[in-house]
Amino acid sequence: MLPSSSSQLDDTRQYTCVCQKNFGKPHVVSTATWYRHLQQAETDDEKERIRAGRIIHDSSVTTRTSQPPSVRRADLLRALARRAQDDDSSKKKVGCRKRAKVFKSEPPDSEAQGLNSDYEIEFERRQPPNINIEALAEIAILPKIKETFACILALKNASLEDPVARMDDEALERLRNPSHAPLEIDNLGIHHSISMYLALEHASQDAYNRIHRSTMRNFAGAAAVADVQSFYNVEKLISTYTGVEPIEHDMCSESCIAFTGPYSTLDQCPMCGTSHWNQARLQASHGHTRVAAQKFVTIPLGPQLQAMYRHPDSACDMRYLHEQTQKILAQLRETQTIPVIDDIAMGQDYLGVVLDGHIKPNDIVLMVSLDGAQLYESKQSDCWVYIWIILNLSLDKRYRKIQVRPGGFIPGPNKPKNIDSFLFVGMHHLAAIQNEGLTIWDASRDITFISDIHLLFTTADGPGLVYWDGMVGHSGRNGCRMYCGVLGRRKTRGMRYYPALLKPLDRCTHGSDHASIDVTQIPLGGSDDYAANLRRLVAAPNQRQLDLRKTETGLTKPPLILGLNPSRCLGVPFCMTTDVMHLVGNISDLLLALWRGTLDCGVTDDLETWDWAILQDDETWVAHGKAVEMAGPYLPGYKTWEFQLYTFGLAPALLYGTLPDKYWVNYCQLVHAFRLMCQHRITAEDLQTAHALFCTWERDFETYYYQRREDRIHFINHIISETIRKGPPICYTQWTMERTIGNLGQELRQPSRPYANILREGVCRCQVNSLLSMMPELDEPPVGLPEGAIDLGEGFALLRKRDKNSQNAAGAHAHAITTFLGDRPLPHIKRWARLRLPNGQIARSAWRETLRPIEQTRMSRNVKLKLSGQVRFAEVLYFTRLTVEDQDQNDWHFINVAVVQLYSPPDHALLERSFQTVVSCAQLDEIMVVDVKSILSVIALVPHTPTLPDGTTEDRFFMLEKPGLDISKLTIPLEEEDDDLEVEADVE
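full-length UniProt numbering puts the sequence shown at residues 1 to 988.
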């Protein structure tokens, strides 16, 4: 039965429908029509697409005609949690949480609304939990909870003059009254010293000293040579210029705690009993000299942010986020939609804060990321690092090494037992400049303003996120990192909870016997119960009750972030993010364990019934590994992406025909959804498709593998909603942190002192980055094209090798060139080996790549291109420049082309069956000439011999694209590699 006029849903409301009756194209219909189309959908997949389409297309904005002002607007994805699937559910009221609202400046006239109507946007963010910190602190009973609140309250009232800030009068003066002039270094000797220091970034201190001595000896008496500085002095100068000085605090030598906040006056660690002080120094001075046994370093952020505005170019870079935001808001006013999500500025959480007036044009928006690292593989060298990412910068600058700022280091040798005590110093500095405001002089406009500093997102892997959010982690009963409230299940007498949605049919232990949960009705992240649950946890009267309440609430402690200004922070749980990088790794491990049959099998289960464990046989596993190895030469040099390439690239094709069909189809659904969500640019249609695929995959995964058996309780749907709230997942994944840890680790040269070295490197990194923000001319100029290359414009460039002498094309190549040129005469040609694409990839050619043995090749000659409006694949034989005469102007010019051998269009049946994950083509004999600017990207085409759905078995190639190509472009430019080592007389 369709919703009646008495339904609580507003009769005037309209939904966007994407049913097959309209060929899947979005079209606006009435509520009743939308429900009718939903009921008439022929398949579950179509129903999921209709539901997702309604949510995604209707989520950004509504007009006053869609719902009376007196009724709160439905939340963007609350409809997903409560939407009507059956007749009775259609009578439920849809959501109550605030979301974006768009109003016309005047009441709408029924028929007079046009596409160009000007809308005033009122974007109300999700309301953060109303938490009274002082009231919570008063009801705390247990000592550990009280200690946490001592830190939180200290953050709430933080000042730069607090003892923990450890800023002297000079540093305070610089921070509160920054210089009103660009940094200029007129002394040639000092300028040379700093340039030399920067050029020797990866060299040793001894290398600098040798060059310094050589300069002083060979240029004695030259102007300014006496001012060339020693290594020590040049580092002091950089520190003085930037004002970036490390803050040191004491810590337990066993890494248990930092002696900060409530622990600052202790003489020994309250956890392990180790002395606060260096015992040798203490005893030698008869107890008079107290030197900490170990220290850790925090790098204050304020001076670094001020440095970002000391040069006109850097200051202009910092206006990107505001300018992008204004474009998005203008688009919302005009079109009421955000068709493509490609940055956090499109996220509703960010836009809501902007339109609430909390983020203003001159404010700075940050993201913080925390992770642990082992500095050396062969020895114990644990270290924890957190970094700041400045979201004001554009995507092509934000994640680069020069802009990522290490915030602090927690040295080993052990894992910290109270990480809040270490994070407290950096968070106190942030809270202090939030409370006071940060004074900034903008060199591009020659103005001074007070900037509010906003912490938008906190990121970490699963284990690390608990330090930010104070939650139990993924193995807890209420363990969702987005705090959606969905409870996990455990085995009888088991201690670990798993996020199984379906209730076991055979038996289930107490606490795991709640009803099955429909995957399409998983609540949004950010449960409304957070504040009440936190209060319940804090009020625990004893340790036993605390442990019980941890299990019930999914919380372990009040998070440190509660102490930040609530108008300068999204707050827990909304500031928490998904992390697709680690999620990809975890899912890969799980799937391989299932297919290999290595996952723990309960005593009441039987491994022989695992019909999906097709790789448990050693012979099959070795053969599969051989297939992966043989695919290697056909993959371009993607390097660090290779494990992800296996799971979300190679495996769907290699397991086709090996993994039973229903498991393979289920796997392909997951792969396609992840490929969509790992893009940098995500369209509304992509979100809709990924949502439907994730829901179907989750439901079928539990049905096929778990089979609702308690002994198989061992799950992704927040990715879609969080993308709409926060922007593309790839913008806040852990790739940036992983790279930062990697390049800091590369600087370590003294294995005997790894912690001291990484602390020093982190401080130097921040000082140098700040200096380069103040004087960009000190940085290395952008790497230009190599010698002999030709810039073709729009990001394309021809790269050598190249034929020395011109030659005539012959055979099929000559025919293809003649066909391309039409009635123009066939010119002489010189072959070129490589082409640089706008995305940073290097497309190579068969002309040069085939000179090497296949086992020494990383094939990069297969490309995706646009041909007559269609996407096709081809092998590049070579590139060349065709000399042609312009008949109208009697002038000669070049046409830059690629001579290619085409592949067939993909097998449609296999493409559809695999949800577009197995793109299988055959290589044709057809030779064509195409404009180089029709080439879109370098791809892999890997040989395989499938049995197609029509029963045909033949040699073919399956296509694979590089995952995360956009984000790799955002971090560092791809390194150019020499394509061959041979020296030949006829090429140059």
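The reader is advised that the hints may include incorrect statements.
[Stated by the list, open to error] Derived lysine-lysine pairs resembling DSS-like cross-links, with alpha carbons at most 30 Å apart:
{"#": "1", "residue 1": "236", "residue 2": "146"}
{"#": "2", "residue 1": "327", "residue 2": "415"}
{"#": "3", "residue 1": "360", "residue 2": "417"}
{"#": "4", "residue 1": "295", "residue 2": "401"}
{"#": "5", "residue 1": "146", "residue 2": "550"}
{"#": "6", "residue 1": "830", "residue 2": "804"}
[Said to hold, decoys possible] Estimated spans, in silico, between C-beta atoms of each pair:
{"#": "7", "residue 1": "172", "residue 2": "936", "range": "47 to 57 Å"}
{"#": "8", "residue 1": "394", "residue 2": "516", "range": "39 to 49 Å"}
{"#": "9", "residue 1": "804", "residue 2": "753", "range": "31 to 41 Å"}
{"#": "10", "residue 1": "188", "residue 2": "268", "range": "34 to 44 Å"}
{"#": "11", "residue 1": "273", "residue 2": "213", "range": "44 to 54 Å"}
{"#": "12", "residue 1": "203", "residue 2": "173", "range": "44 to 54 Å"}
{"#": "13", "residue 1": "605", "residue 2": "203", "range": "57 to 67 Å"}
{"#": "14", "residue 1": "195", "residue 2": "855", "range": "40 to 50 Å"}
{"#": "15", "residue 1": "166", "residue 2": "866", "range": "57 to 67 Å"}
{"#": "16", "residue 1": "592", "residue 2": "248", "range": "37 to 47 Å"}
{"#": "17", "residue 1": "852", "residue 2": "753", "range": "18 to 28 Å"}
{"#": "18", "residue 1": "495", "residue 2": "518", "range": "25 to 35 Å"}
{"#": "19", "residue 1": "936", "residue 2": "339", "range": "39 to 49 Å"}
{"#": "20", "residue 1": "146", "residue 2": "414", "range": "17 to 27 Å"}
Bear in mind the hints are in silico, worked out from the structure with no lab data behind them. Just so you know, even glycine gets a beta-carbon here, dropped at the ideal spot from N, CA and C.
Consistency of the hints with the structure:
1. 236 x 146: 41 Å, violated
2. 327 x 415: Given pair residue 327, residue 415 is violated - Cα atoms ~45 Å apart, limit 30 Å.
3. 360 x 417: Since the Cα atoms of residue 360 and residue 417 sit roughly 38 Å apart, the hinted pair is violated (cutoff 30 Å).
4. 295 x 401: 26 Å, holds
5. 146 x 550: 16 Å, holds
6. 830 x 804: At roughly 7 Å apart (the allowed maximum being 30 Å), residue 804 and residue 830 satisfy the hint.
7. 172 x 936: 47 to 57 Å: 54 Å, holds
8. 394 x 516: 39 to 49 Å: Roughly 46 Å apart at Cβ, these two residues keep to the hinted range, so it holds.
9. 804 x 753: 31 to 41 Å: Distance hint for residue 804, residue 753 is violated at roughly 54 Å.
10. 188 x 268: 34 to 44 Å: 54 Å, violated
11. 273 x 213: 44 to 54 Å: 50 Å, holds
12. 203 x 173: 44 to 54 Å: 36 Å, violated
13. 605 x 203: 57 to 67 Å: 58 Å, holds
14. 195 x 855: 40 to 50 Å: 44 Å, holds
15. 166 x 866: 57 to 67 Å: Given a distance of about 59 Å, which is inside 57 to 67 Å, the answer is holds.
16. 592 x 248: 37 to 47 Å: Given range 37 to 47 Å: holds, Cβ gap about 45 Å.
17. 852 x 753: 18 to 28 Å: 43 Å, violated
18. 495 x 518: 25 to 35 Å: 28 Å, holds
19. 936 x 339: 39 to 49 Å: Violated - the Cβ-Cβ distance for residue 936 and residue 339, about 20 Å, lies outside 39 to 49 Å.
20. 146 x 414: 17 to 27 Å: Given range 17 to 27 Å: holds, Cβ gap about 25 Å.
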